[in-house]
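Chains as they are written, first to last, in our numbering: chain A, 1 to 337; chain B, 338 to 611.
No lab work stands behind these hints: they were computed from the structure.
Predicted, not measured: the structure shown is a model, and the values here were computed from it.
Just so you know, not all the hints are guaranteed correct.
[To be verified] Lysine to any residue pairs mimicking SDA-like chemistry, simulated, CA-CA at most 25 Å apart:
1. B:Lys-370 x A:Tyr-108
2. B:Lys-452 x A:Thr-237
3. B:Lys-452 x A:Pro-245
4. A:Lys-336 x A:Pro-241
5. B:Lys-452 x A:Pro-241
6. B:Lys-452 x A:Arg-221
7. A:Lys-231 x B:Asn-361
8. B:Lys-452 x A:Ile-235
9. A:Lys-231 x B:Glu-431
[Stated by the list, open to error] Across the chosen pairs, the derived CB separations fall in these ranges:
10. B:Glu-416 x A:Tyr-104: 29 to 39 Å
11. B:Lys-493 x A:Arg-214: 23 to 33 Å
12. B:Ile-409 x A:Ile-6: 48 to 58 Å
13. B:Ile-410 x A:Phe-172: 50 to 60 Å
14. B:Glu-431 x A:Leu-114: 25 to 35 Å
[Claimed, not checked] Derived coverage of chain B by chain A (criterion: at least 3 residues anywhere in the stretch with Cβ under 8 Å from a Cβ of chain A; other residues may be distant):
15. 447-455
16. 460-472
17. 504-515
18. 550-556
No residue lacks a Cβ here, since even glycine has one placed at the ideal position from N, Cα and C.
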Amino acid sequence: MEAEKIISIDTKHYKENISRRNLAEKIFNVILLISVLFGLLMLTVLIIDIAVGGIAWVRPELFENYHSRKPENAGMKSAIAGSIIVILLTGLFSFPVGVGAAIYLEEYAPKNRLTDFINLNINNLAGVPSIVYGMLGLVVFGRMFGLFSKDSWFVNLFNIPIESGATGGWKFFLFDIPWLEIHLPFGRSMVAGALTMSLLILPIVIIASREAIRAVPPSIREGGYALGTTKWHVIGTLVLPIAFPGILTGMILSLSRAIGETAPLIIMGAFTYVPFLPKTVWDQFTVIPIQIYNWITLPQPEYRVHLAAAGILVLLVILFLMNGIAIYLRKKFEIKW
Amino acid sequence: MNLTSNIQSYSINFHDDATIINANQLNIYYSGKLTVENFNLQVPKNKITALIGPSGCGKSSVIRSFNRMNDIIPGFSLEGKIIYKGKNIYSSREDPVRIRRQIGMVFQKPNPFPKSIYENVAFGARVNKYQGNLDELVESSLIQAALWDEVKDKLKESAYALSGGQQQRLCIARAIAVSPDILLMDEPASALDPVATLKIEELMWELKDKYTIVVVTHNMQQASRVSDYTAFMSLDREKIEDRIGVLVEFDETTKLFTNPKLKETEDYITGRFG
Chain A
1 MEAEKIISID TKHYKENISR RNLAEKIFNV ILLISVLFGL LMLTVLIIDI
51 AVGGIAWVRP ELFENYHSRK PENAGMKSAI AGSIIVILLT GLFSFPVGVG
101 AAIYLEEYAP KNRLTDFINL NINNLAGVPS IVYGMLGLVV FGRMFGLFSK
151 DSWFVNLFNI PIESGATGGW KFFLFDIPWL EIHLPFGRSM VAGALTMSLL
201 ILPIVIIASR EAIRAVPPSI REGGYALGTT KWHVIGTLVL PIAFPGILTG
251 MILSLSRAIG ETAPLIIMGA FTYVPFLPKT VWDQFTVIPI QIYNWITLPQ
301 PEYRVHLAAA GILVLLVILF LMNGIAIYLR KKFEIKW
Chain B
338 MNLTSNIQSY SINFHDDATI INANQLNIYY SGKLTVENFN LQVPKNKITA
388 LIGPSGCGKS SVIRSFNRMN DIIPGFSLEG KIIYKGKNIY SSREDPVRIR
438 RQIGMVFQKP NPFPKSIYEN VAFGARVNKY QGNLDELVES SLIQAALWDE
488 VKDKLKESAY ALSGGQQQRL CIARAIAVSP DILLMDEPAS ALDPVATLKI
538 EELMWELKDK YTIVVVTHNM QQASRVSDYT AFMSLDREKI EDRIGVLVEF
588 DETTKLFTNP KLKETEDYIT GRFG
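Based on the provided sequences and hints, a complete structural model is requested.
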């Protein structure tokens with residue numbers, strides 16, 4: 001260093017201006033607080049508005065009855081049952097596939113252009129509008145490209161016994177086990193709806209699971225390998241148990257998103273009026289958001305305002321319950337370092 | 338003294354029966370870049386061999402090659418042979434999973450699993466289907482690691498309730514629970530305070546009757562206190578820009594520290610370099 005470049009600094013050259021910097025700090029704090037309050041305020045307004053219109057209509061009939069032409073008798077029993085079963089099925093389908101994909105991408109996939117491309121597109125898929133998934137689900141699961149319709153080349157080629165009627169198609173028992181009934185195509189059944197919902201939430205499940213897996217420290221993996229352990233064993237006994245709370249949280253939060261989805265199921269042909277409870281997963285169904293949507297489109301204010309609001313209240317309670325379960329499970333399985 | 342590729346180096350030779358690992362002309366690459374060149378070392382059985390040298394000279398790369406831990410690093414490749422029990426551990430017939438059971442490793446930062454103390458020690462035994470009494474194995478391993486008295490009443494508690502030094506001894510217990518021949522220790526005490534460090538060093542002395550120990554250390558005092566033999570590694574001075582690690586001198590620890598054969602070693606141990 002050149003000696004003549006070193007200057008002696010007079011403290012008078014500093015204009016510290018502490019009070020002004022503190023003021024800026026306070027202003028910034030207030031701005032941040034306002035942003036938080038804005039979100040909270042909107043949620044409160046929404047809940048109060050809905051509760052005022054609907055709380056009186058959350059009554060036993062809402063859970064005991066089906067939709068009725070008389071508002072005082074109308075309920076949403078089939079929609080509640082439909083929502084719960086579809087969400088359970090969605091979880092059942094998307095958990096193994098999503099976690100499996102996350103493990104592969106995080107632990108096994110080689111780093112090359114193909115995996116970069118896959119990573120990019122998983123993020124893109126998370127942003128695809130849900131109605132697009134509805135159309136995909138309709139073609140792939142609902143109709144199966146028309147392969148099982150009467151007189152299709154496929155049916156003629158293999159001489160498949162096709163039933164006629166609205167819910168027609170090919171029905172059989174897988175491996176001849178009575179409770180493993182399969183309907184092809186899936187049609188307007190809950191299976192079709194749940195598979196479409198699974199497609200919808202898979203990108204989120206995969207992204208959340210990958211983040212949970214990536215958060216497991218590499219030193220834990222090394223410790224496992226150093227004891228003479230195979231890769232799968234390290235993943236199964238060390239990585240996954242540590243990542244599990246994070247995976248579970250991501251899973252339940254994406255299911256909370258799925259339970260509020262309407263568009264893909266409308267495209268899939270879920271009915272608005274289902275006056276029976278589903279007996280099997282192959283039955284037709286409706287879900288709470290569709291029921292709400294249906295009521296809002298009716299002209300009478302009892303449906304349009306009060307019953308719709310009551311339906312939203314039920315949906316919100318289910319949502320809060322699911323998020324509560326997510327928090328509980330995360331605490332329960334959390335690993336203390 | 339021998340001259341290979343213009344590098345002056347000195348090393349002693351053992352009778353084959355007295356050694357357990359023979360590293361033979363190792364070249365280590367990461368993503369095609371040469372990191373350690375022409376490394377030869379005979380590790381004597383039931384002794385403590387220390388690897389010392391300045392940062393970035395490839396000590397860790399070498400020790401992690403001895404049990405194929407580097408295999409999990411993408412881009413790693415190795416030329417040459419590492420002979421263990423008459424077999425090249427890098428031959429395609431050898432399974433790294435079995436080699437790592439026989440050649441254990443303790444890491445720089447204590448890395449117990451987020452499980453109980455008991456389960457940490459039992460982990461490797463369970464994986465490798467240990468047929469004996471697991472409780473006895475856990476107790477014996479913890480006694481050997483000089484940790485039993487401190488933890489015998491809290492075996493079911495989380496390993497993270499232990500102090501750093503205790504965690505590191507737990508990791509040693511975990512490593513010896515799968516009855517390895519060799520313990521590789523990659524700077525096992527560098528994250529610990531002086532008292533815990535001393536305990537680890539005493540432990541290493543006790544363990545060398547049963548196990549061969551190779552220890553990487555930054556700390557020359559530690560190497561001189563604890564090891565029987567010392568290998569000094571450094572960067573190749575001819576190609577200093579390429580940062581290629583080479584073995585400079587390998588000798589009995591007392592000789593290397595009191596009467597080094599090469600000036601480069603002397604400069605390092607007297608603190609003129611590194």
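Hints and how they fare:
1. A distance of roughly 24 Å separates the Cα atoms of Lys-370 of chain B and Tyr-108 of chain A; the hinted pair therefore holds under the 25 Å criterion.
2. Taking the CA atoms of Lys-452 of chain B and Thr-237 of chain A, the gap is about 11 Å. The hint holds against a cut of 25 Å.
3. Distance restraint check for Lys-452 of chain B and Pro-245 of chain A: the Cα-Cα separation of roughly 15 Å lies within the 25 Å cut-off, and the hinted pair is therefore satisfied.
4. Pair hint Lys-336 of chain A plus Pro-241 of chain A holds up; C-alpha atoms about 12 Å apart against a cutoff of 25 Å.
5. For the hint pairing Lys-452 of chain B with Pro-241 of chain A, the CA-to-CA distance comes to about 10 Å; that is within 25 Å, so the pair holds.
6. Between Lys-452 of chain B and Arg-221 of chain A the alpha-carbon distance is near 14 Å, which keeps this suggested pair within the 25 Å criterion.
7. A C-alpha spacing of about 28 Å is found between Lys-231 of chain A and Asn-361 of chain B, which places the hinted pair above 25 Å, so the restraint is violated.
8. For a cut-off of 25 Å, the pair hint linking Lys-452 of chain B to Ile-235 of chain A stands: about 15 Å separates their Cα positions.
9. For the hint linking Lys-231 of chain A to Glu-431 of chain B, the alpha-carbon distance of about 16 Å falls within 25 Å, and the restraint holds.
10. Taking the beta carbon of each, Glu-416 of chain B and Tyr-104 of chain A are about 31 Å apart, inside 29 to 39 Å as hinted.
11. Checked against the hint of 23 to 33 Å, the pair Lys-493 of chain B and Arg-214 of chain A passes, with Cβ atoms roughly 30 Å apart.
12. Remark: the range hint 48 to 58 Å for Ile-409 of chain B to Ile-6 of chain A is upheld by a beta-carbon distance near 50 Å.
13. As the Cβ distance of Ile-410 of chain B to Phe-172 of chain A is approximately 51 Å, the hint placing it in 50 to 60 Å holds.
14. As the Cβ distance of Glu-431 of chain B to Leu-114 of chain A is approximately 31 Å, the hint placing it in 25 to 35 Å holds.
15. By the rule of at least three residues with a Cβ nearer than 8 Å to a Cβ of chain A, the coverage given for the segment 447-455 of chain B holds, with 4 such residues.
16. Counting residues of the segment 460-472 of chain B whose C-beta lies closer than 8 Å to any C-beta of chain A gives 4; at least three are required, and the coverage claim holds.
17. Judged by the Cβ-Cβ criterion of 8 Å, the segment 504-515 of chain B is covered by chain A as claimed, because 4 of its residues qualify and three suffice.
18. Interface restraint, the segment 550-556 of chain B with chain A: violated (0 residues with C-beta to C-beta distance below 8 Å; minimum three).
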